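Since chain B is already given, all that's left is putting chains D, C, A, G and U on it; use the hints.
Number of protein chains: 6
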Amino acid sequence: MRLPHDPAPRGKDVVVIGAPYDGGTSYRPGARFGPQQIRCESGLIHGVGIDRGPGVFDLIEVVDAGDINLTPFNQHIAITTAQEHLSALLADNSAFLMLGGDHSLTLSALRAVHGRHGPVAVLHLDAHSDTNPAMIGGEFHHGTPFRHAIDEGLVQADAMVQLGIRGHNPKPDSLDYARGHGVRVVTADEFAELGVRGAADLIRERLGDRPVYVSVDIDVFDPAFAPGTGTPAPGGPTSREVLALLRTVGELNPVGFDVMEVSPLYDHAGITSVLATEVGAELLYQYARAHHPKNTEEEE
Amino acid sequence: MRLPHDPAPRGKDVVVIGAPYDGGTSYRPGARFGPQQIRCESGLIHGVGIDRGPGVFDLIEVVDAGDINLTPFNQHIAITTAQEHLSALLADNSAFLMLGGDHSLTLSALRAVHGRHGPVAVLHLDAHSDTNPAMIGGEFHHGTPFRHAIDEGLVQADAMVQLGIRGHNPKPDSLDYARGHGVRVVTADEFAELGVRGAADLIRERLGDRPVYVSVDIDVFDPAFAPGTGTPAPGGPTSREVLALLRTVGELNPVGFDVMEVSPLYDHAGITSVLATEVGAELLYQYARAHHPKNTEEEE
Amino acid sequence: MRLPHDPAPRGKDVVVIGAPYDGGTSYRPGARFGPQQIRCESGLIHGVGIDRGPGVFDLIEVVDAGDINLTPFNQHIAITTAQEHLSALLADNSAFLMLGGDHSLTLSALRAVHGRHGPVAVLHLDAHSDTNPAMIGGEFHHGTPFRHAIDEGLVQADAMVQLGIRGHNPKPDSLDYARGHGVRVVTADEFAELGVRGAADLIRERLGDRPVYVSVDIDVFDPAFAPGTGTPAPGGPTSREVLALLRTVGELNPVGFDVMEVSPLYDHAGITSVLATEVGAELLYQYARAHHPKNTEEEE
Amino acid sequence: MRLPHDPAPRGKDVVVIGAPYDGGTSYRPGARFGPQQIRCESGLIHGVGIDRGPGVFDLIEVVDAGDINLTPFNQHIAITTAQEHLSALLADNSAFLMLGGDHSLTLSALRAVHGRHGPVAVLHLDAHSDTNPAMIGGEFHHGTPFRHAIDEGLVQADAMVQLGIRGHNPKPDSLDYARGHGVRVVTADEFAELGVRGAADLIRERLGDRPVYVSVDIDVFDPAFAPGTGTPAPGGPTSREVLALLRTVGELNPVGFDVMEVSPLYDHAGITSVLATEVGAELLYQYARAHHPKNTEEEE
Amino acid sequence: MRLPHDPAPRGKDVVVIGAPYDGGTSYRPGARFGPQQIRCESGLIHGVGIDRGPGVFDLIEVVDAGDINLTPFNQHIAITTAQEHLSALLADNSAFLMLGGDHSLTLSALRAVHGRHGPVAVLHLDAHSDTNPAMIGGEFHHGTPFRHAIDEGLVQADAMVQLGIRGHNPKPDSLDYARGHGVRVVTADEFAELGVRGAADLIRERLGDRPVYVSVDIDVFDPAFAPGTGTPAPGGPTSREVLALLRTVGELNPVGFDVMEVSPLYDHAGITSVLATEVGAELLYQYARAHHPKNTEEEE
Amino acid sequence: MRLPHDPAPRGKDVVVIGAPYDGGTSYRPGARFGPQQIRCESGLIHGVGIDRGPGVFDLIEVVDAGDINLTPFNQHIAITTAQEHLSALLADNSAFLMLGGDHSLTLSALRAVHGRHGPVAVLHLDAHSDTNPAMIGGEFHHGTPFRHAIDEGLVQADAMVQLGIRGHNPKPDSLDYARGHGVRVVTADEFAELGVRGAADLIRERLGDRPVYVSVDIDVFDPAFAPGTGTPAPGGPTSREVLALLRTVGELNPVGFDVMEVSPLYDHAGITSVLATEVGAELLYQYARAHHPKNTEEEE
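Protein chains in written order, with numbering that gives the first Met the number 0: chain B, 0 to 299; chain D, 0 to 299; chain C, 0 to 299; chain A, 0 to 299; chain G, 0 to 299; chain U, 0 to 299.
Okay, chain B solo, but in the shape it has when bound:
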């Protein structure tokens, strides 16, 4: 992930782009420093995964386009700025991997992706459904992006899987909204029962070969594995389980990615940033696997 820096990339396979913003955060702030810290820790990542033949950077072209310049003060402006920036990247490149930043910006990403691919399938790993209603003064807070996305027709809700969901939601709650629109919600406990292979099968069955956007809220991991985040939720899966699941993303048709909600202010040993880097690197490799199958076929 010590990628070549290119603020105006053209013709790349995946552009890594930082989104330093936490203006949508309801509880613990700090995700505005997420991209910076992920880059600091990414010195640990030299390639992607053991026993995989060539490295990801031999398979696809990836650059780091730096950070989007986002106001911390106004959600409307931030959401729009991010969307325009991401749309511009997609005009000249195949895909992006956004490093957050709070989850509200996934709406920007989905708008940009929709502009290129139309309504997409979604694989959403998170402790929270993020299909809550807007609040007064907070139309685009970080609990809302997928509700907006469904309402705006950016995604195919019945080709959407949310995995890792847990926590506290008295009825009626945001899960009713998601399920009511056809989203398949896999709770953290259900993921534990299904196992990685069972979950991967369920996802592939649901999403098929539709273009799929993959959004990873770092709080999908139990707080032991990712303490550095704004709304930690105990009872989540381990890093081994989620990373194993991400290794199956290449069986899908991924067209865009994000890794969100890393708050370095709660990440004293940097393990959250290291984990986010690993997630990002894995997603890049899966993109290569999905779209350059010849080059990676020797893997299995």
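Calculated from the structure, these hints are not laboratory results.
For each label pair, taking beta carbons as the anchor points, the in silico distance ranges come out as: (1) Gly10/B with Arg9/U: 28 to 36 Å; (2) Tyr26/D with Tyr26/C: 28 to 36 Å; (3) Asp91/A with His75/D: 43 to 51 Å; (4) His75/D with Leu2/C: 31 to 39 Å.
Treat the numbers as computed from the prediction; the structure is a model and nothing was measured.
Even for Gly, the Cβ is constructed at its ideal location relative to N, Cα and C.
Same frame as chain B, but now just chains D, C, A, G and U:
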């Protein structure tokens, strides 16, 4: 858990009560700040559990009665003060949830509960058996509460399960004492083998429908999940496993609760306090489930 | 582990020896303070393991010989100094347990052990294979010890198991080197599939009753369990899994041990040091089990 | 400062009120948790100042009215909500002490104070002048409150002293604006040259007996004394110097107070919160001194 | 301060002795780990002071006698155990330097010193007077040692100077008690006015050549310089000022020393422990200066 | 300091260059991450200094050339690599500002500067003289650079001032060496007596208009102001004093700069990195002042 504050509650279902004290701590101090920190982090908890129908606060009446005023300097005075305070709460309300504070205060709790219910069954989640003998000058240190409780006849030792026990105890040790009095000790490894369902069955079989006091030492969790505690013990269960087990407490007849040994001084990202809040919220919901079954029946 | 201090031990079963050095560290430093911090946290350890009859210190004689005086500035001098010190210990005692310090010093240990036992089998728990080539100016960095050891004929490579390996290694990589020499590499994912018993069987089959050196890099644990280390690698096993595996070491013929790569600078709650202490204590007990089987037979 | 809690106070001398908000923060967030943390640390404060006769709480009536409920998402709403809340307090009580929260809310305070007292004098202790222009999407960011206040006629700019100012401002800068409106800017270096007594004289001369609002940005202290803040500026005064200066506030005619910009996320040992508590307690005492001179006359 | 270890020293000039205890702490605990952490950080200290001729360890014999074994649970037992241990040291050696541990143990020290020297003069550097009355259950809490010492006739109160006092004490307060017995109280502000030389003169005038016990509570320093302590008090002197004052102790007749109240739990960068080490090393040098004047005369 | 990035600058006034290396560190490591962290915190710096007319970046051309690629493993290679890199920069640009990294690299800088300017005067701000002899295996450790520089004839020792020196050095010590070669040593205490203006006069008198290299070890500040460093030394000057002194550097003839020994691992609130940024920014401004006097003349 941003509960209504009521320093002199009457007629409530469960009273949350802080016990800011670590005068019984043998190793790392700091549990005196546990209640304060748990309250700070409880802003994350809005309800209890997904897919459960109405919220817990629609089912039962819960208030926060603040903290017991406890001297850090004298174990006898502290144990007695806490017991009197808790007894007074039980005179006017149905049950309490004590937030510790070190584990020695569970003796106070069991004395108070015994005063209302007679000898009770116990579900004790902990890395340590806490059935050690007193020490010179430390009659009520935090490794002794259940030995005192057995000796004083406060509990039905053969209706007592200790789960999560691990660590280092050359023979003869405190487990001999516990087992010698009929306590069923489930080690951390045995819990892993039994699984959540197996452990829940074992517990229900042992405790039946007796009134049961549930005591959770936060160090029952592996230190990865709960670093903020005084005597962390590696090799413990995950948050998912313990929380899943707690979700079966409503199948029993719970009459009192505590969550002990949270030391914020070792909890830099607050994940221990967040987890303790979750444990507390789950226990409240299980109380509702056990005692207001109609209201929660739509859950399963 | 508050062991009797003896800077010049003779006739002991196991000598605990600190190696405060991180001159071979490529990324995050701080392992130079590992031994100091492990000793600080070892107040938690009073014996070894529950349900095991007598304590380890009733079975074997163990002393703490303090720290080796190692320059932080020159790898050649440090490696040689450590080897001479360890060789001297082995001349007068049966075995040592080295507390690191970075992993490069395991080369010193293997040279010393080879001097007494000839080529030994190896059980190596680590996220990384540590069979990388030397670098200019860094002939003995912490990614190289097992390559040097194989090249120098210190170990029986076909009686060597590396377990917990994971992370990012584009081909061709250091695993090719290890496997090419007959090393059995068990990745973190394969360990999860095998389970503790399966892995223990595989190890015993491979190593038989050969003299075996056991080297534990604390980063074999997932960073959630051991954040305080220099090159944390997400996706690793839990403390329960690794500790359970270590409990089978007594079925082998262990002749030396190390616990390496603890960096207190990233260990704010001390859980890594506590875990390292537990690993060390378990290894001592397994040594007793292996070499004093009568005394421990009542265990199972 | 463990004050009686009264969410709807009437007839009090000073009402302490929390403003948990950092939606105006440009750099490091976290001031939203300032009031909570200041209350946690205030257990250290039992009275106010040595050698002063009776305690402050024997002289004036002070209560803690809890926190204003502020959206983190929208500056306009937050500023207005805070102002309405503070105006309501002033309708029923003599003065307030606001605990921030970021400095943008001082605009709310000055609007409320203006509503009761008309244009007031200001003593503003800060590393920054906070007379910057608004930004697109951030009309009320934390660098703007005194510019808005001057523009809105809430303050008498020529009876305004800013003390502690330092840092980096290429010309033309916000100081031009302040000075252009008659504000007396005392830089950190000038404060060092004047000494406490010289500065106090300058302030009294400038402000006379006009009603004065005292606003303390915790970053007026050098970061060594107050690391827990959003925009730390090296080269500031010591705690002794600023506290000594605050002890002269009772020579003025204070009508309102705030202590702003405490961010616990950067305050690992809590010394910033402890200092903020001390500042607040001192301001309360100075209010008593100014308005109840008989009771405190034995002091000198 | 990496001194030779000698658990049973005889004939030494000064014996360094740890007192790991915080059973007298009213607010923030952790001083029980003070001695351990001071020893960890003392690797920084190679000698004592620049431009001073020979090193202190060439002038006097100093050993480290390890820690006193103190129960955390019972103040009476702890105070007595410490006193007996210190008395035994004084029976065989000239003086001790106690590393705390909370300040209540200074009573033990004064009892031991009184046993050898009769009533002594005292130089007491602290933010707090520590002449408070006992509390129920806390007869020997850390705010009481000098009141007990005066009441027990261990010290010559009119040859006692307390320097650095500050903070919050509504009248009547503990200063009345101290002054009423003839103690000279130099507040932090008065120290700033006097300057180092003025304060040193005042002290020498007051104490003359009486045997003097020097007790340094680390909280005499402003919290910026010593955050790692239990009751930090803003507005204190700098490290330069206090260290300069300590350099005049050799003009007195010192017979014993302590450095108390270091709590590593609040000392994330270790600067408090480093400062405590410096204070201790300076006191050792001053002892040499006072009692071996020939050897150090070339200094000035 | 969010400077334009230019890895191969030509014709610039000052090139900022990172030196991520701590292979010369004797005690606390971590300076290898200094440049990275300083860049992270530099978002706080928008210009340089108040009341100064145009900003520094309007006066001189400054770019950030990124980091030198330095092995952590071999002092000889690192020192040589850094020197070659810096010499290459000086071939094409006027001056550099090196961000360390440990102080041993100042030898590289002085070699490079000597290659362009011949023997230079030196202003060296530090707690330590850094004129110690080499150690076995550590010829270029961080306590040696100025001894090597004097021995190699890179500097004019009699036009060298070391300021801030303090700490523990039994005689004979490194100060003898420095003074013996004509270096003027101003101890921390002497700096306090001289005051900023006195010290500045002393420096200007000594250095005159010779080309001067300015080296700032961040540990010149008291640890309260700069905890994030490897060998903190209590009793140092404040940030206000040192920054005020640096503001006089423009009266000299500066030709190169460094800011060394920032270790983020001990800098939890980032105040050391912020201070280092301020020091660097001030040095840039002073370069402009010295070499573009017309542009800055309106300042005074």
